[in-house]
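Undergrad: As you go down the protein sequences, you meet chains A and B in turn. For the first sequence, counting from 1, position 307 maps to 307 in this note's numbering; every step adds exactly one. For the second sequence, counting from 1, position 39 maps to 39 in this note's numbering; every step adds exactly one.
These are calculated hints, taken from the structure and not from any lab test. Bear in mind the structure is a predicted one, so any value in this text is a computation, not a measurement. It is possible that some hints are incorrect.
Residues from chain A that face chain B, not an exhaustive set, calculated with beta carbons under 7 Å [said to hold, decoys possible]:
#, residue
1, His-28
2, Glu-32
3, Ser-36
4, Leu-40
5, Thr-43
6, Leu-47
7, Gly-48
8, Leu-111
9, Tyr-116
10, Arg-307
11, Arg-309
12, Ala-312
Just so it is clear, CB atoms sit at the ideal spot from N, CA and C, and this is done for glycine as well.
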Amino acid sequence: MPADADARLPGATAGAASQLDTFRHYRHLTVELAISQFKLRYTGSVLGYFWSLLKPAMIFAIMYFIFVDLFKINDGTQFYGMQVLLGIVVWTFFAECTSSAMQAIASNGGLIRKAYFPRSILVIAASLSALFTFVINLLIVFVIAVALHQIDISLRIIVVLPLLLELYLLALGISLFLAALFVQYHDVSHLWEVLMQLLFYASGVMFSLTYVLQRLHLALEVGSTKPQPPHLLWIVQVMAANPIMQNIEDLRHALLTPQAPWTELVVTGHLAAVHQYAALDVPWEVPLPFLAVLLVVTFGALTFRFRARSFAENL
Amino acid sequence: MADRDLAIRVEHLSKRFRIPLDRSATLKHRLAHWRSASRYRTLEALLDVSFEVRAGEFLGIIGHNGSGKSTLLKILSRIYRPDAGVVAIEGKVSPFLELGVGFNPELTARENIYLSGSILGLNRPELHRLFDEIIGFAGLEQFVDHKLKNFSSGMEVRLAFSLAIQAHAEILLMDEVLAVGDAAFQEKCFDIFNRYKREGRTVVLVTHGLGAVTTYCDRALLLDHGRLVADGDAADVTSQYRRAIGMAADGSRPNAEIERWGARDVVVTGIRMLDERGVEDVNPATGGFVRIELGYRIQNDTIADFTCVLWLMRGDGLMVSEATLPVSQYAQVGESQRGAGGTIRFDIPQLSLLEGTYSVDVELQGRRDQAPYDHLKNAVHFRVIDRRARQGVIEPGGAWSVVPAEQPVSWPDQFAATPGTGQDERPDRTRH
Numbered sequence: 001m002p003a004d005a006d007a008r009l010p011g012a013t014a015g016a017a018s019q020l021d022t023f024r025h026y027r028h029l030t031v032e033l034a035i036s037q038f039k040l041r042y043t044g045s046v047l048g049y050f051w052s053l054l055k056p057a058m059i060f061a062i063m064y065f066i067f068v069d070l071f072k073i074n075d076g077t078q079f080y081g082m083q084v085l086l087g088i089v090v091w092t093f094f095a096e097c098t099s100s101a102m103q104a105i106a107s108n109g110g111l112i113r114k115a116y117f118p119r120s121i122l123v124i125a126a127s128l129s130a131l132f133t134f135v136i137n138l139l140i141v142f143v144i145a146v147a148l149h150q151i152d153i154s155l156r157i158i159v160v161l162p163l164l165l166e167l168y169l170l171a172l173g174i175s176l177f178l179a180a181l182f183v184q185y186h187d188v189s190h191l192w193e194v195l196m197q198l199l200f201y202a203s204g205v206m207f208s209l210t211y212v213l214q215r216l217h218l219a220l221e222v223g224s225t226k227p228q229p230p231h232l233l234w235i236v237q238v239m240a241a242n243p244i245m246q247n248i249e250d251l252r253h254a255l256l257t258p259q260a261p262w263t264e265l266v267v268t269g270h271l272a273a274v275h276q277y278a279a280l281d282v283p284w285e286v287p288l289p290f291l292a293v294l295l296v297v298t299f300g301a302l303t304f305r306f307r308a309r310s311f312a313e314n315l
Numbered sequence: 001m002a003d004r005d006l007a008i009r010v011e012h013l014s015k016r017f018r019i020p021l022d023r024s025a026t027l028k029h030r031l032a033h034w035r036s037a038s039r040y041r042t043l044e045a046l047l048d049v050s051f052e053v054r055a056g057e058f059l060g061i062i063g064h065n066g067s068g069k070s071t072l073l074k075i076l077s078r079i080y081r082p083d084a085g086v087v088a089i090e091g092k093v094s095p096f097l098e099l100g101v102g103f104n105p106e107l108t109a110r111e112n113i114y115l116s117g118s119i120l121g122l123n124r125p126e127l128h129r130l131f132d133e134i135i136g137f138a139g140l141e142q143f144v145d146h147k148l149k150n151f152s153s154g155m156e157v158r159l160a161f162s163l164a165i166q167a168h169a170e171i172l173l174m175d176e177v178l179a180v181g182d183a184a185f186q187e188k189c190f191d192i193f194n195r196y197k198r199e200g201r202t203v204v205l206v207t208h209g210l211g212a213v214t215t216y217c218d219r220a221l222l223l224d225h226g227r228l229v230a231d232g233d234a235a236d237v238t239s240q241y242r243r244a245i246g247m248a249a250d251g252s253r254p255n256a257e258i259e260r261w262g263a264r265d266v267v268v269t270g271i272r273m274l275d276e277r278g279v280e281d282v283n284p285a286t287g288g289f290v291r292i293e294l295g296y297r298i299q300n301d302t303i304a305d306f307t308c309v310l311w312l313m314r315g316d317g318l319m320v321s322e323a324t325l326p327v328s329q330y331a332q333v334g335e336s337q338r339g340a341g342g343t344i345r346f347d348i349p350q351l352s353l354l355e356g357t358y359s360v361d362v363e364l365q366g367r368r369d370q371a372p373y374d375h376l377k378n379a380v381h382f383r384v385i386d387r388r389a390r391q392g393v394i395e396p397g398g399a400w401s402v403v404p405a406e407q408p409v410s411w412p413d414q415f416a417a418t419p420g421t422g423q424d425e426r427p428d429r430t431r432h
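Generate coordinates for the entire structure from the input sequences, incorporating the hints supplied.
TA: Structure, rendered in structure tokens:
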């Protein structure tokens, strides 16, 4: 039928251009949802929004005492305390974003059954409200660091923005994946809690990769020929490929001190040095964290898109 | 090109739900029962439904519970995806099916306007501009910054309503709007429907209120078990529906042992009929108070809400009345409530049935798929006693009055031309 030309077919898949249109169209709803979720998160508490600042600060105090004062974890680089604080702020964002966005679909069943809009904006809204808290926390860390002269500002700071984008995309990709699965399998929330515990230690929130290398006696000087136990090397390689580790390290480097190691974004640098120990002359692992982010985002978005069709029926 | 004024075209639409028999919500359960994981009960919610709606038409969709009405509406609004068939829609569809979608009790009226308004497709500048009008129409100027949880249900509905009328959709889809709110609110709804009608907007209304369909709809669809069985003039279709309900049971219901079926995710633990003192009474009087009390227990963790449906059936099988209650709206039936239970009451302040034997059928069903959890046919039998022994079916609550005429009645005698069959046919009544 010729009349079909302009008809909107609910079953049809939208092209890339119209998808962009859709997002423009639903921008307002996304923002409104993010704002109300942000408000709702702190209703009913006396200190309200201040909890989002207090919580990382308190966690920092505990962690700093245990790891740095008690266990003397310190790689000897500049502003170690600030580096740990930055790690905790980043981690808090990652943890809160993924665990709150995971529930975004399941806890809005009424909305999904009664109104039409792209389901992903519920997850995006949840992640945005976490991002908002994170950015404020980051600014506070920055102000504190400046006030205490615990910072070495230079042009490196421009790298912070792409790093934040990378971190946000990673958190969003994981959130989409978790939220889609959580609708049918509430198990993922328990599983994710455990996985996050593992990730916390695998991401160097409390310590740097340098410290791990030191502890594993992988001397950092290029050219050392000490034999290395292969499984320890394997741990280092996995940690080096972990995008959260890479992100925290690079943020420390870009924001706080050039002494903190970083990936120098793509080609050579610190992590490449790791490979020289492993007698791997190709620094193939360096772009690995970025590839991992790309993979996670793609996989998360595809999983979500596939499962979103039946959310209304499964809730 | 000939179909320029077509708003909705639906062709061979089918939708089926696959309901896992062992509703496994946890991975463990799924793993433990992996062999039987593919056991489903298939529910054909819609089967090969085709129809068209012209722009500006007011269409009603009727049918009994589980006939696929709501599913159809959800497919039109893109909430569900069809399994087969074509749905073509010309124009902007309202993205919501009920009033107050997205309202959050913890937010203020102002915040809710912005949140719910953006679900209706309005953006912030628009809402900013319309804000005073919305609040004014709802009459809530003094409560702008009060949390919604402190509002009465009437206030909440007024707010939802004055917000909904601002949505600039060309095609409006509405599910059971008339089930909520009091008579005054329902009247307000119809004012708006009339306004939409005047503005040439298309309205599709799913409802149980047959009166509303005949009054407002140009056309009606009748669905039965997912099939479109009638499509035509609203009055014709509703009377066909009324006939169908009566006739289906006309083949007399032999008197009545309890029949029970359902998946038992939620079970009826007991049902009884009480009088105004709370004493069990299966011989209520016409005009008296009747309470049907129903105990339920949730047997399955994953049930978040369900619907309770009561049918009053006359002894000869005629369905007298159907009443539906979405339970989660009244009691907080949250997640993981296995073993939780409660009591549902259905109060009839003045029983309008005249003398006769009746029974109550009850069903607890899934809110989403309307799959029966527990259906009890002939759950309660009762006999209505009319002390005044009037003839007929119901006591309409009518009032007589006689106005003595000072002058002869001015209108002509309508029945003058009607020939009588005999003067003394009913001698006992004609005498004085």
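Undergrad: Each hint: holds or not?
TA: Comparing the hints with the structure gives:
no. : hint    : in the structure
1   : His-28  : holds, 4 Å
2   : Glu-32  : holds, 4 Å
3   : Ser-36  : holds, 5 Å
4   : Leu-40  : holds, 6 Å
5   : Thr-43  : holds, 5 Å
6   : Leu-47  : violated, 17 Å
7   : Gly-48  : violated, 13 Å
8   : Leu-111 : holds, 6 Å
9   : Tyr-116 : holds, 4 Å
10  : Arg-307 : violated, 12 Å
11  : Arg-309 : holds, 5 Å
12  : Ala-312 : holds, 5 Å
In summary, the numbered hints that this structure violates are 6, 7 and 10.
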